[in-house]
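**Student:** Protein sequences, first through last, are from chains A and B.
Note that my numbering gives residue 208 to position 208 of the first sequence, counting from 1, and the numbers run on in steps of one.
Every position in the second sequence, counted from 1, becomes a number in my numbering once 1000 is added.
It should be emphasised that the hints constitute simulated quantities derived from the structure, not laboratory data.
Think of the CB as a built atom: it goes at the ideal place given N, C-alpha and C, for glycine as much as any other residue.
Mixed in with the good hints, there may be bad ones.
Some chain B residues judged to face chain A by a derived CB distance under 10 Å, without partners named [what the hints assert, rightly or not]:
hint, residue
1, T1078
2, G1082
3, T1122
4, D1126
5, V1129
Every beta carbon over 10 Å from chain A, so not counted as near; a handful from chain B, in silico [as the list claims (entries may be wrong)]:
hint, residue
6, V1114
7, A1153
8, R1164
9, L1176
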Amino acid sequence: MVNKNGINPVFVATLAVLPLINVAFTLQEVVLLGLVSAFTYIIAISLISILEKVANRNLRFFVFMIIACAIVTVFNYVYAIFPNVLYVEAGSKINYCLISAGILSIETLYSNRKMALTGYFYKMLMGVPAFLGIYFLFGSIREILGLGSVWGVELGFQSIEFFKTSYGAFILLALICSFINSFYLHSRAKKHQYNMLVEKYKMKLSMERNIERTKAVDASQRKNFGADELIEKNNGENGGNENE
Amino acid sequence: MSNIVFILLSGIFVANVCTTSGVAIPSLLAYKRSFAYTALMCALFAFILLASGVSYFFIYNYILLKFDVQFLSLMVLTVLIGIFSFIGYYALMGINKQAFYVYEKSYTFLLMFVSVLGVLLTVVADQEVINYILTLVFSSVGFLIVNFLVYGAYYKINSLQEPRFMRGLPLLLIMLALLGIVFSAINYLL
Chain A
1 MVNKNGINPV FVATLAVLPL INVAFTLQEV VLLGLVSAFT YIIAISLISI
51 LEKVANRNLR FFVFMIIACA IVTVFNYVYA IFPNVLYVEA GSKINYCLIS
101 AGILSIETLY SNRKMALTGY FYKMLMGVPA FLGIYFLFGS IREILGLGSV
151 WGVELGFQSI EFFKTSYGAF ILLALICSFI NSFYLHSRAK KHQYNMLVEK
201 YKMKLSMERN IERTKAVDAS QRKNFGADEL IEKNNGENGG NENE
Chain B
1001 MSNIVFILLS GIFVANVCTT SGVAIPSLLA YKRSFAYTAL MCALFAFILL
1051 ASGVSYFFIY NYILLKFDVQ FLSLMVLTVL IGIFSFIGYY ALMGINKQAF
1101 YVYEKSYTFL LMFVSVLGVL LTVVADQEVI NYILTLVFSS VGFLIVNFLV
1151 YGAYYKINSL QEPRFMRGLP LLLIMLALLG IVFSAINYLL
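Here chain B stands alone, though its shape is the one from the complex (with noise of 0.2 Å):
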């Protein structure tokens, strides 16, 4: 029980994959949009993560680790991700004719490529496999709520006169920061 309380803790807050390892953020620019669309990717991103990294765990602890063909890791683990999001592609083009239009324009696909690929290289297989599933899902949780964060964020800054230069980029960072330093303070609690 406490193990996965240290997971969630340590997922959600501690080593959030927005606000700690900043993988995640590239993810973080595209969803400005409504809050159903935020809603929608975020439920994609977790699709993503969860499909890719749950069948990368089996193949590396079963194949990979078995023929002692670890240096490939990191080619099954692209391969993966890119078929996921391509499933991820065309469900989004079948259930949301709209959604699907804002996510190529705002070159989603490639900004939650490069994400999930930077939480999944930070995530250790070589673990107990529902340690690693956990550890997954809170992942996907962290970035959730920072994903709402961020967007309830945006809909302030958006009516304010804020300078030209720090626009979109260096605003969602400094913001990110600030959470990230509230975060900081649940470390103390483990």
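Here chain A stands alone, though its shape is the one from the complex (with noise of 0.2 Å):
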């Protein structure tokens, strides 16, 4: 997960998607686990930012659990407060979202460089949206897969039980993520070999202003030291001698 360029950001957004896999079934679960995955971590992302120039990254993080345990406690209290269809699907399950939302926080906790808030900033627009496409993907494409249907509504073909099991929801996401991992890796090759060609472009156009800028200062160093009116002189000399 780990390499000399950093974490792999889709490899993050699948490894948060681990935790709810085996608590979620259908879409509509798969739907409110994500949000509230999401929302926890960007409300206790923000508020740790605060910590940034105080704690080690260490604690920062056990910070940030108990902000997000106390978030995900008032989800659940309120649910069970006011009980929806959602609740009852996926009510009980919430606590699963802590996990997710502690494993989100990896690239932004425990990045190596000192950030400003925009940069936490920066970074959710970057790892959340990637957690909730891979979620929301793998979700519908299990429900349609393993129950035959699509938000509760039957397609009216024979499901395969295989995916229903968590072994088979384990190779589902083996393939998605390593469909979307190609991608990533194919686009971050191409903004690699692009930033090449522009440098290479770069350094050619400034050797040609060297260039142009040595020969100038070549020629205003003749006129400074009336070099010119010297090699004239010379050359008017030596054309007299040939003549003579």
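Build the complex: two chains, separate frames, hints provided.
**Tutor:** Rendered as structure tokens:
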């Protein structure tokens, strides 16, 4: 997961999906748990950004988890007071969102560079949609294959039992992850190639400019020190001698 | 006796924390360094899981239930895991500097924290103390077995030319799915 270029964001998003795969089977549950995880993460990471310069990263993570835990407890309490369809489906499983939010924070809390608040928001903008995208995609494909329905609507074909199990879910998630990862790696390679090309042209342009500048400097020096007059004089004398 | 055998088979194979519930998978990602490091991390995982689990059990049953404040259970659990994670962190710093360096660099503190939290969320505290402790012990053993199997598989895979986009987590998930299929065969014994 960790390489010389930092943490692969696709792997972090997939890893955050893992604790939720065995507690959510329908798309309704997936949407609820995904949104609760994302909301918990956003609130907790915004609050923890205040401690950027005060505490080390492990302590920051611990405080992050306590804040996230308080948010999840409030969610549990609110859903228990106002029961609805989604709570009946997934209410008791909200606690697992805490694990997902914790994994999502790896990129922001454990970054080697010190970040301003804007840095946290930038990381959030990158991390949360990736997590939600992978989780919703996984949830919808799993419901179609495992239950033969989408959002509770029957599609009218035989479901495959294998995808209801955890190992079926692992294989499905591995395929989704590798598919998105191949796109991510390809786009990163393209971006790197583009940056190198831009760098090459910049160097070429600066070299040409430097040559022009050198020529201009040489020309100005000759003028300043009266070199041109001296050359002309020499040329004239040589010309006279040749004529004689 | 049959109860112990049931918990043993369930904790190690049928309801394995890595292959069935998937909550302990984050910890597996940090372990493919060396055999000794893997063993040390398994011991640390077991320590944090057992210490925080047993403390939580007594606090839940003798304080939270007594005063009817079960809604604080998640908070208590998180705080306990945090405390024992920090104890493990400083213990590792004192025991082995090299292992501690790898532990710090590979984000193991975070990954182990969330894994232990996931395992403790799946184990219900409303049961007999002996059953609870045995469940935690056999969950740790199950984690250890999967860890060493994955370590061995990684050792083999590193010498092959696997596709770049499958490297890391996707391959690990496929390995765990295959292990889960093998382990589910034990279900027929129960």
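**Student:** Each hint should be assessed against the structure and marked as holding or not.
**Tutor:** Now the hints, each set against the structure:
1. T1078: The hint holds - T1078 of chain B has a Cβ within 10 Å of chain A, the shortest such distance being about 5 Å.
2. G1082: At about 4 Å, which falls below the 10 Å cut-off, the nearest Cβ of chain A leaves the hint on G1082 of chain B intact, so it holds.
3. T1122: holds, 9 Å
4. D1126: The hint is violated - D1126 of chain B has no Cβ within 10 Å of chain A, the shortest such distance being about 14 Å.
5. V1129: Violated. Min distance 22 Å.
6. V1114: Its Cβ does come within 10 Å of chain A, the nearest being 4 Å, so this is violated.
7. A1153: holds, 14 Å
8. R1164: violated, 6 Å
9. L1176: violated, 6 Å
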